[in-house]
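Chain A is already provided as a structure; the job is to place chain B on it using the hints.
Chains as they are written, first to last, in the working numbering: chain A, 1 to 179; chain B, 180 to 341.
Treat each hint with caution, since some may be false.
[Unchecked claim] In silico BS3-like links for lysine-lysine, alpha-carbon gap of 30 Å or less:
1) 283/B with 102/A
2) 30/A with 102/A
3) 64/A with 102/A
4) 325/B with 283/B
5) 220/B with 283/B
6) 39/A with 283/B
7) 39/A with 257/B
8) 147/A with 102/A
9) 220/B with 102/A
10) 64/A with 39/A
11) 102/A with 39/A
12) 147/A with 93/A
13) 147/A with 39/A
14) 30/A with 220/B
15) 30/A with 283/B
16) 39/A with 93/A
17) 64/A with 147/A
18) 64/A with 93/A
Don't read these hints as lab results, they were simulated from the structure.
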Amino acid sequence: MPRFLRYLVPLLLFVLLAALLYRGLSLDPKLVPSPLIDKAMPAFTLPRLQDAAATLSDSDLRGKVSILNVWATWCVSCRAEHATLLELARTGKVNIYGLNYKDNRANARRWLAQLGNPYIANAFDEDGRVGINWGVYGAPETFIMDKQGIVRHKHVGPLTREIIATEILPLVARLDSGS
Amino acid sequence: MIKLLSMLLAACLLAGAATVQATVTLESFTFDTPQQEDHFKNLIAELRCLVCQNQSLLDSDAELAHDLRAEVYEMMQKGNSDEQVVEFLVARYGDFVLYNPPFKPSTWLIWIGPFIVLLVALFLLWRSLRRQQHMPQHEISEAERKRLEQALRDNNRENSRS
Chain A
1 MPRFLRYLVP LLLFVLLAAL LYRGLSLDPK LVPSPLIDKA MPAFTLPRLQ DAAATLSDSD
61 LRGKVSILNV WATWCVSCRA EHATLLELAR TGKVNIYGLN YKDNRANARR WLAQLGNPYI
121 ANAFDEDGRV GINWGVYGAP ETFIMDKQGI VRHKHVGPLT REIIATEILP LVARLDSGS
Chain B
180 MIKLLSMLLA ACLLAGAATV QATVTLESFT FDTPQQEDHF KNLIAELRCL VCQNQSLLDS
240 DAELAHDLRA EVYEMMQKGN SDEQVVEFLV ARYGDFVLYN PPFKPSTWLI WIGPFIVLLV
300 ALFLLWRSLR RQQHMPQHEI SEAERKRLEQ ALRDNNRENS RS
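Bound conformation, chain A alone (with noise of 0.2 Å):
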């Protein structure tokens, strides 16, 4: 072996193992990726929050490209994100839906009335089934589907208005593009 081999050999093992762990420290473990990602969204018929006699479905999401929107009254992120999805209801490019996520009734309909309902309509998952069936492990969590109601997007976490500008906005339209 060359004698310079024998130096650079040990370096670049060095420097591959270096890059490989800076790249484990910089990744989120709580950010666990969705197997849902690509797939046809999970089906769920629900009561809603605001009307206990109708229900909200899967089949009400499809034909149009929609938002689903884990959130609660008891998760505080949830608080913090609540205004951002405000302004993205305004922008009126995009439906969102809510899933109401183990709450009290009475508290979630307070909230809407109290901070504003960016909402076309919440379903209430009382017992956190339907939140088990989309893998939720903590709110907020927001999906985001296609016109055939394919998941295309899970965002874990508070969306802030710079995740909307650079990426729900950009993925919504795109999807709103395709046929």
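The following block gives chain B in isolation, referenced to the frame of chain A:
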């Protein structure tokens, strides 16, 4: 003194026992047999809680862990196999819920990597051992041998004189 030591020892043992018992109180699931309960516990010990990520579903006290335990319990009571339960959770939360990662293309490197490193190391060892064996034996000429003997003799004489 001995009495004090034995008391200390007893205290340590008690503390140890207490930490073992200080796991989450599982919901009041009822099982027909103790074997079924063990089976259930073994299964959820292999599943990872998504909220407190270094705990299994058996250890975690997170709200989600409670819900998922109930889900697993119900599936088992309905006669679902372990595979079906695991499949159910993986379909929703991904391979992340498994403490035991499956063998598939994206994890090949994790599973086989150490053996590749071992093979490379064995190859390098074998090569360097072989190279040592094949080192040329230094034959010395008759003249060199005489010079060597002479030198040794001179050396011995000097040593005996001093």
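Check: What hint numbers does the structure not satisfy?
Finding: 1, 4
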